[in-house]
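Novice: Here are the chains, one letter per residue:
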Amino acid sequence: MAQAQAQGHVHGDHHHSVKRYTGIMDWLTTVDHKKIGILYLLAGGFFFGIGGIEAILIRLQLIKPMNNFVSAQVFNELITMHGTTMIFLGVMPIIFALMNAVIPLQIGARDVAFPFLNSLGFWTFLFGGILLNLSWVMGGAPDAGWTAYTPLSSEYSNSHGVDFYTIGLQIAGLGTLIGGINFLVTIITMRAPGMSYMRMPMFTWASFITSAMILFAFPAITVGLVLLSFDRILGANFFDVAAGGNPVLWQHIFWIFGHPEVYILILPAFGIISEVIPTFARKRLFGYSSMVFATILIAFLGFMVWAHHMFTTGLGPVANALFSIATMLIAVPTGIKIFNWLFTMWGGQITFTSSNLFAIGFIPTFVMGGVTGVMLASAPADYQYHDTYFVVAHFHYVIVGGLVFGLLSGLHYWWPKMFGRMLSEPIGKWTFWTFCIGFHLTFFVQHFLGLLGMQRRIVSYLPHQNFDTMNLISTIGALLMGVGILLFLYNIVVTSMKPMNAAADAWEDGRTLEWSIPSPPPEYNFKQTPLVRGIDAFWKEKMAGNKAMTPAEPVGSIHMPSPSILPFVMSLGLFIAGLGFMFSREDFSNSFMSFIFNNYLVLIIGLMITFGAMITRSLIDDPGYHIEPEEQEEEVRA
Amino acid sequence: MMKRWQALKRLLPLLAMFSLLLSGCGREDLSVLNPQGPVADGQLGLIKLSISIMILVVIVVFAIAAYVLVKFRRRPGQKEMPVQVEGNHKLEIIWTAIPLLLVIVLAVPTIQQVFASGEDKWKQEGVLQVEVTGHQFWWEFNYPQYDVTTAQELLMPVGREVALQLKTADVLHSFWVPSLAGKTDTNPDGTINHMSFSTEKPGTYIGKCAELCGPSHGYMEFRVKAVEADAFDRWVESTKAPAVLPEDTQLAEKFKTNCLSCHAVGDQGGFTGPNLTGIGSRETVAGILLNDSNGAKGSSPVKDNLVQWLQDPQEVKPNNTMPDPKDLGFTDEEIEQIAEYLANYKLDY
Amino acid sequence: MTSAHAEHVNGELPHEPEKATLEGRNKTLGFWLFLGGEAVLFGTLFATFLALRNSNNDGPTAAELFSLPITAIATAILLVSSLTSVFAIQAMHRHNLQSLKTWLIVTVVLGLGFLGLEIYEFYEYVVHESFGLTTSAFSSAFYTLVGFHGAHVAFGVVWISLLIAQLYRKGLTVVTAPKVYVSAMYWHFIDVVWVFIFSVVYLLGKVG
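Line by line, the protein sequences give chains A, B and C. Going by the numbering used here, the first residue of the first sequence is number 1, and it counts up by one from there. Going by the numbering used here, the first residue of the second sequence is number 639, and it counts up by one from there. Going by the numbering used here, the first residue of the third sequence is number 988, and it counts up by one from there.
Hints should not be assumed to be uniformly reliable.
Pair ranges (Cβ atoms, derived) [as the list claims (entries may be wrong)]: (1) C/V1145 to A/G23: 33 to 39 Å; (2) C/A1063 to A/G49: 56 to 62 Å; (3) C/V1194 to B/K878: 38 to 44 Å; (4) C/H1082 to A/F303: 39 to 45 Å; (5) A/G139 to B/A735: 43 to 49 Å; (6) B/D758 to C/M1172: 49 to 55 Å; (7) B/I731 to C/V1145: 56 to 62 Å; (8) A/I53 to C/A1141: 40 to 46 Å; (9) C/I1092 to A/M198: 46 to 52 Å; (10) C/A1059 to B/D758: 45 to 51 Å; (11) A/D26 to C/H1082: 36 to 42 Å.
Distance condition first, Cα-Cα at most 25 Å in a straight line; then the derived SDA-like pairs of lysine to any residue [what the hints assert, rightly or not]: (12) A/K540 to B/K878; (13) C/K1157 to A/R617; (14) B/K894 to B/E971; (15) C/K1166 to A/Q632.
Some chain A residues close to chain C (C-beta under 7 Å, calculated; not the full set) [stated by the list, open to error]: (16) L184; (17) L215; (18) F395.
Since the hints were made in silico from the structure, they are not lab data. Even for Gly, the Cβ is constructed at its ideal location relative to N, Cα and C.
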């Protein structure tokens, strides 16, 4: 890296004139990881909001027995879209937002390995997400559950809902895969001199492993979605029993992807917690190497346990026994992590910032979700838990109590780094307490609902089955969680009106490289690539009495990649092609529409736009541009 | 951070109380925590074992967390840095080994039960064989040993093992009677699942579909009714008796040409809809409208339920495949009469 | 972030020009990872095919359908094209632009030959054997697996053709070299996938 950059200085006198955009075009064309991080946060936050509204509507329907707030069909659409939106379009992009905002800074890089692909990943995700959500206004949302079990999703769902699901997720999933590869390469090749693997911050480690899991898990769902869309749109027979297909095949493919996916979600949260807790305990992470090892082990085991979602499918005792044991084993590395966090705080000096509140709240909450996970791993007991509210409680404890707590912790923590402004601490604490109490109110009782006989995904329930009170409590809790999120939004608005004055080392006890540069960082991040001399690189320098990192190179001209509209165009093309494919067998009343859709013209036009943009990208070299030392000074002053 | 600790302290006894309360009082015809047969008993045993281990874990973690959060808060004026500890091999080995041990404690009985419950009892001597078929949104029960078919209400003798073969006629469903046994999915032909259960206690147990199967998934309830052995034999006899048709010949004709093209009564009728033989003595109409025969809360007379169903089947179970009787030309009066007839179609057992 | 300048290093191409810049190395590494993902993708398709290969639903079975001679020829063509692709990379390492272009053109032609045979094969199945995508679960799995591979070959043909055009315009530089290199990796990958298809789909179909 340093060598490569040194080479760059030789040619520093070459000026390429590159168009630099402002305003909206700047956001559409940016390849700057920090801006892409903000885009991910905006889009992910938007979809998170939609998913949250869907959740509230679900809870309002269930507030009392035999309620008629929404119809059964709409209810199934709500649960399907709530799950799908939250996982694929809500929390995944917010994870990517933090990865984009933080990883290059933590490893001392000026950008990611593939800035152009980074932008492409964002835009494909966004267009996929928009396509999926268009279903609400285009004839009905998908209604077969986020797991889309066949044949309910293939033969018995008659709207275009499930088509929106397959095509929308296909496009969005492509973006995730691109993002995963990008971060893998970034972390492998772009680390600053001296930053060996075992000196990487835990969040970088977690993102690294998550990216690897994305790489090996997402292609499976890609295939699954292809098969499902072929069955639905082209009349293929993968899941059609009458023609020899096999519905259980879908379950396998879905969960071979789906189980690693939950670790894809939770590992970055582990990473965030491992950054926040040491900072606010002013103590280095306890057992760093065992943390790394545990993370790798969790990822590895994560691929071996998919069939624990299928204990009641009838795979037979041998499979059930093996998958039970494999699943229980995950408790061991997870336990290592929990204790390491606790002992990081042991002997430390803990301050309770709102970021740290979420991190500390994460520990007991996640433990509760984790132990129910082990309980679920016991197959015969799972015959009772499976598909009941016990399971709903369990996975919300790990995904909301784990991941969302982690994300909120990370957002409060890195907000000054991303935006140069400190979020309000009092409002942040209110956010934590309302969200945390609301969360436990909502989901704690659901364990018991499940054990008392309430199965999941039901539009309503008969009175007098002991479900009424607890469902009411649960709905009240959900509303309280909604208040928590609104408080967070309010905090953002209030904060954005304050002056941009966050210090570089915003929490004063920052340990990693991102706190050694201004908040927000200049577009080239590091004026001089830092030299890393140990784990917690910045902390080490501070302890040695240095105010800044030791540079690994002289000040010089910095080469930057040019902005480009092509990622946007490529994704737009995929969006058009997706719509074209989805409606290719539709009978339009309008003959022109029928002509262009039924002859695959729309599909072809969309693909031509995408491939055209790809060819353009390949043929025209990107010379990039340079930021000269004088300009760097100006930027710092500005 | 005292606040948090106090909140926790207040929460813990509440939690304990809550679980105690619930373990006692789930409905005995519906609750996992109140098992009425050996299969659900065994499953609850595993649940209890795992929950005990897990409460132990939770207590240890909460205790350490509480101690740490109270003891190691940053105090005003604290300027010197805490000691930076890299790790501690002994501790790390301990918290790797203990969870591993706990996992083994849970794994051993799990494996034993997996293999015990995985046994297919279909061909065992003395079992009652029942073929279960899930439909959108009702359950069909066929007794091959007796050549009897019924719907929505699985009748079984107490003290006799019931062996089930489960399949579906359309989408996936899952057969679940919480107080008797955990659930098993119904797959399409070719991948037929099996399970078994029994109970010593006569009574009606609520069953549910546990796999999302369409809009009325939540309304796809059924009943398992355990009766004495001789009552069961009488039920078989009377089910096999010739069909009783409405006395009014015109109505009987209309009933035959319309209703019996899908439904069956006695030896007449079709197979695509639920069998109606003796529907008047069942505990529910359509699995979800409770009849007041045993005074259940929220129940109505069976005839009222039948009228409600026949007036608008889509209102009761959205997306079910039964045509609206009014579209078939039934007048309100005829619906009354049909309901009256069906309500009085009772089996004596 | 420097590669854009390396093109100014006149005539000083290193032995392995694809590894001269960080971008080039990133591209190669990223592409290796991408192929890892592709391996999972094809793995899932293979698993699907294996699960459904005997579900022919009264339609033609694998044994009735497949003609090994044609597929053997297709296999030979694709294997040879892998070899020519290796020759192209060797030429690139010798900085022999003309030879590089020639071998790439041969590779593309062989790729087209393979595609032609595959299209002919599909045409025969659909028209003469009435074996289409919707015939059975087996047919769906067959067309999806083999068709996915075919689409990869077609993509590779277009891609390498565009690279040849770029080589004519821009010559061999540290920018074009990594592109040629990863396209060769891609080509080998789809060749390997085909070897599996030949064994699992055709040989196994004929035998078992």
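Novice: Confirm or reject each hint.
Specialist: Consistency of the hints with the structure:
A beta carbon spacing of about 36 Å between C/V1145 and A/G23 agrees with the range 33 to 39 Å that was offered as a hint. In this structure the hint that C/A1063 and A/G49 lie 56 to 62 Å apart at CB holds, the actual value being about 57 Å. Under the hint 38 to 44 Å, the C-beta atoms of C/V1194 and B/K878, about 53 Å apart, miss the expected range. Checked against the given bound of 39 to 45 Å, the beta carbons of C/H1082 and A/F303, roughly 44 Å apart, stay inside it.
Our hint of 43 to 49 Å for A/G139 and B/A735 is violated, since their Cβ atoms are close to 57 Å apart. For B/D758 and C/M1172, the Cβ-Cβ distance of about 51 Å falls inside the hinted range of 49 to 55 Å, so the restraint holds. Range check, B/I731 to C/V1145: about 57 Å between beta-carbon atoms, so the 56 to 62 Å window is met. The beta-carbon spacing between A/I53 and C/A1141, approximately 44 Å, falls within the hinted interval of 40 to 46 Å.
Checking the proposed 46 to 52 Å range against C/I1092 and A/M198 shows it holds: the Cβ atoms sit about 48 Å from each other. In this structure the supplied range 45 to 51 Å holds for C/A1059 paired with B/D758, their Cβ-Cβ distance being about 46 Å. Remark: the range hint 36 to 42 Å for A/D26 to C/H1082 is upheld by a beta-carbon distance near 41 Å. A threshold of 25 Å between alpha carbons decides the hint, and for A/K540 with B/K878 the separation of about 86 Å lies outside it, so the pair is violated.
Proposed proximity of C/K1157 and A/R617 is supported: the alpha carbons are some 15 Å apart, at most 25 Å. With a CA separation close to 17 Å, the supplied pair B/K894 and B/E971 stays within the 25 Å bound. Using a Cα cut-off of 25 Å, the hinted pair C/K1166 and A/Q632 is violated, with the two alpha carbons roughly 33 Å apart. Contact between A/L184 and chain C, as hinted, is supported at the beta carbon level, the nearest pair being about 5 Å apart and thus within 7 Å.
Hint on A/L215 holds. Least Cβ distance to chain C is approximately 5 Å, under the 7 Å limit. With its C-beta approaching chain C no nearer than about 24 Å, A/F395 sits outside the 7 Å limit, and its interface hint is violated.
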